[in-house]
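2 protein chains.
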Amino acid sequence: MQDLTVAERIHSQFEDLTRAERQLANAMLENYPVSGLGSITAVAETSSVSPPTVARMAKKLGFGGFPEMQKALRVELEAQISNPIAKHDRWSESAPDTHILNRFADAVMENLAQTLRHINPDTFDAVKQLLSDQDRLVHIAGGRITRSLADYLFTHLQMLRDGLVYMPPNSNAWSHYVLNMQPGDVLIVFDIRRYEHDMLRLAEMARERDVTVVLFTDQWGSPIARHAAHSFHCRIEAPSAWDSSAVTLFLIEALIAAVQDKNWDETKERMAKLEELFDQMKMFRKFT
Amino acid sequence: MQDLTVAERIHSQFEDLTRAERQLANAMLENYPVSGLGSITAVAETSSVSPPTVARMAKKLGFGGFPEMQKALRVELEAQISNPIAKHDRWSESAPDTHILNRFADAVMENLAQTLRHINPDTFDAVKQLLSDQDRLVHIAGGRITRSLADYLFTHLQMLRDGLVYMPPNSNAWSHYVLNMQPGDVLIVFDIRRYEHDMLRLAEMARERDVTVVLFTDQWGSPIARHAAHSFHCRIEAPSAWDSSAVTLFLIEALIAAVQDKNWDETKERMAKLEELFDQMKMFRKFT
DNA sequence: ACGATTCTGAAATGTTTTTTTCAAAAGACT
DNA sequence: AGTCTTTTGAAAAAAACATTTCAGAATCGT
Chain A
1 MQDLTVAERI HSQFEDLTRA ERQLANAMLE NYPVSGLGSI TAVAETSSVS
51 PPTVARMAKK LGFGGFPEMQ KALRVELEAQ ISNPIAKHDR WSESAPDTHI
101 LNRFADAVME NLAQTLRHIN PDTFDAVKQL LSDQDRLVHI AGGRITRSLA
151 DYLFTHLQML RDGLVYMPPN SNAWSHYVLN MQPGDVLIVF DIRRYEHDML
201 RLAEMARERD VTVVLFTDQW GSPIARHAAH SFHCRIEAPS AWDSSAVTLF
251 LIEALIAAVQ DKNWDETKER MAKLEELFDQ MKMFRKFT
Chain B
1 MQDLTVAERI HSQFEDLTRA ERQLANAMLE NYPVSGLGSI TAVAETSSVS
51 PPTVARMAKK LGFGGFPEMQ KALRVELEAQ ISNPIAKHDR WSESAPDTHI
101 LNRFADAVME NLAQTLRHIN PDTFDAVKQL LSDQDRLVHI AGGRITRSLA
151 DYLFTHLQML RDGLVYMPPN SNAWSHYVLN MQPGDVLIVF DIRRYEHDML
201 RLAEMARERD VTVVLFTDQW GSPIARHAAH SFHCRIEAPS AWDSSAVTLF
251 LIEALIAAVQ DKNWDETKER MAKLEELFDQ MKMFRKFT
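Here the protein sequences line up with chains A and B, keeping their order.
Per my numbering, the very first residue in the first sequence carries number 1; after that it's consecutive.
Per my numbering, the very first residue in the second sequence carries number 1; after that it's consecutive.
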């Protein structure tokens, strides 16, 4: 009896149900399982029976009462709707699923799915547009931890366009950088957890100069969001003392790909030139 | 406001939500919309906020109260269930599945799954062990693109241990760094695609000095693998002219988490000291 | 660093929902 | 038909739920 769905229980006991109960049962199966999610009064009403009948049937089906049956319905629904990725068997097959690798993988998968649900494609496209606009200077700033992410974005954008300014994480020097910002410029800031006060000030100052601020932050949202024209909230949950930036990096990469797609011809040309330069510097070995 | 879904309302007003409300909003979107169907107490509990917060947010979102919001959720659910085409195969709901966001997400998920299948947990644990060993110096080197990843690893390991050397990506200076390597030391190198010749030379020289080389590379494998005691092959496929480092970053983070777990007591102490130092520096900066 | 403001949850209050009770209605059996 | 059993819903009682109030906590702004 334990693991049967409500529908299965109804079917298996249909013979034992009374007239009013069968009427109710049919109504519940009609739009299953949503029809059973209202209050007992609502359920009773849509089936044209009385609330006690509903309560009695719930008990007859083996539940403690109506709320218990409703909870079972919710659990069923959750299983039915839930994300396919949330359910996977162990990733790294030879490692137990309590191994940090698998636990971390779970977290990152979930973070990715969550983040994507939060993201507004319009925001994404708008930022893509901003970054594609060669007439705007793009300033990139990161904090203590997010510096690497800022760096990653900068390195890749460099291959796509010029007019980029990388602002070093040492905030003492920022005021000078702000002086060089023009109205219409773009400032990309990373601000995650332990939000940094200097970063907020930077965003404020930039905004005062009519610079469009784009923010990468976590699911809770840095206070900078108030000043940002566009914000990306990336989920950073991880089984660790620190947060996971993997999803933030994914988003950065997706943005880079989008910008690259947008002006593919120019990009291709630029890349060719760059490759040539790098080859001349003999930094790379031929692919074998 | 009338015809917006609850999720849309949450997104559009996310900025105006307070900390506890955001926590609740995230929890509700987590298993949307089922997670919002319990009693106000249940919803509050699963989000770790108080019932009043739930009631307040419902009003903030434009509903008369919690029951009204819940009813809206039920209506949405019904519409969603009865329309089998509107299933959840798309990630970012309002973006078509040809949107770069969704395509990139597909690629990254696939990369992660593939990578995990190929990782040998013994390798992982062995590297964890190496990084936990305070008696070995750990040298970290990255290339043109992978520099950010090396930087990320360095920044985080710094919070876990000392005896770390970050080798700048400018390869001219590397020979001096190699001079300082001792037998038993560890060298972590990142080498992905367009494998860099200097990186290979670095690994060779390190190996000659009995340094244990750990390599992060792509699915094809840098030639450095021949000299490395341990190699991680991360899949880097992406719908882009560049590769995706998201999975490599995931692996770095998982390693950091593993090292941190191993000696948690020492780590905790170290972190406390570091926080203190950072606070002091912040204060110092304020007065200058 | 210090008030002013906003936010938050415990507790109290008011409301709705659920269950129980019970009498009437329907049906079953003699 | 008459009596007994079962079923049913109205109404009351009990329980759970939702909202409001309020004081402490956190945050903000100067």
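Hint data in this document are derived by calculation from the structure and do not stem from the laboratory.
Since the model is a prediction, treat every value here as computed from it, not as a measurement.
Mixed in with the good hints there might be a few duds.
Since the list gives no way to pick out one identical chain from another, each pair is judged satisfied if it fits inside one copy or across any two copies.
[Claimed, not checked] The calculated SDA-like cross-link candidates involving lysine to any residue, where the alpha carbons are at most 25 angstroms apart (straight line), are:
#  : residue 1 : residue 2
1  : 71        : 42
2  : 60        : 230
3  : 71        : 45
4  : 268       : 158
5  : 273       : 18
6  : 59        : 120
7  : 59        : 178
8  : 71        : 50
9  : 262       : 41
10 : 59        : 16
11 : 273       : 169
12 : 59        : 42
13 : 262       : 98
14 : 71        : 40
15 : 273       : 64
16 : 268       : 39
17 : 60        : 273
Evaluation of the provided hints:
Taking the closest pair of Cα atoms, residue 71 and residue 42 come within 25 angstroms of each other both inside a single copy (16 angstroms) and across two copies (11 angstroms). In this assembly of identical chains, residue 60 and residue 230 lie within 25 angstroms of each other by CA distance solely across copies; the values are 22 angstroms between and 54 angstroms within a copy. Within a single copy, residue 71 and residue 45 get their C-alpha atoms as close as 20 angstroms, and across copies as close as 15 angstroms, so both meet the 25 angstroms cut-off. Proximity of residue 268 to residue 158 under the C-alpha cut-off of 25 angstroms is restricted to the intra-copy arrangement: shortest distance 13 angstroms within a copy versus 39 angstroms between copies.
For the identical chains of this complex, residue 273 and residue 18 are neighbours neither inside a copy (31 angstroms) nor across copies (49 angstroms), given an alpha-carbon limit of 25 angstroms. Taking CA atoms no more than 25 angstroms apart as the test, residue 59 paired with residue 120 passes between copies only; the shortest distance there is 23 angstroms, against 45 angstroms inside one copy. In this assembly of identical chains, the alpha carbons of residue 59 and residue 178 never lie at most 25 angstroms apart, being 64 angstroms within a copy and 40 angstroms across copies at closest. Proximity of residue 71 and residue 50 under a CA criterion of 25 angstroms is satisfied in both settings, with 20 angstroms inside one chain copy and 21 angstroms between copies.
For a Cα distance limit of 25 angstroms, the shortest separation of residue 262 from residue 41 qualifies neither inside one copy, at 38 angstroms, nor across copies, at 48 angstroms. Taking the shortest alpha-carbon separations for residue 59 and residue 16, only the intra-copy value of 13 angstroms comes in at or below 25 angstroms, while the best inter-copy value is 44 angstroms. Taking the closest pair of Cα atoms, residue 273 and residue 169 come within 25 angstroms of each other only across two copies (21 angstroms); inside a single copy the shortest separation is 30 angstroms, beyond that limit. Both within a single protomer and between protomers do residue 59 and residue 42 lie at most 25 angstroms apart by alpha-carbon distance, with minima of 18 angstroms and 22 angstroms respectively.
With identical chains, the CA atoms of residue 262 and residue 98 are at most 25 angstroms apart between copies only, with a shortest distance of 15 angstroms across copies and 43 angstroms within one. For a Cα distance limit of 25 angstroms, the shortest separation of residue 71 from residue 40 qualifies both inside one copy, at 13 angstroms, and across copies, at 14 angstroms. Taking identical chains as interchangeable, the C-alpha atoms of residue 273 and residue 64 are never at most 25 angstroms apart, the minima being 49 angstroms within one chain and 54 angstroms between chains. Proximity of residue 268 to residue 39 under the C-alpha cut-off of 25 angstroms is found in neither arrangement, the shortest distances being 39 angstroms within a copy and 49 angstroms between copies.
In this assembly of identical chains, residue 60 and residue 273 lie within 25 angstroms of each other by CA distance neither inside one copy nor across copies; the values are 42 angstroms within and 54 angstroms between.
Comparing the model with each numbered hint stated earlier shows that hints 5, 7, 9, 15, 16 and 17 do not hold.
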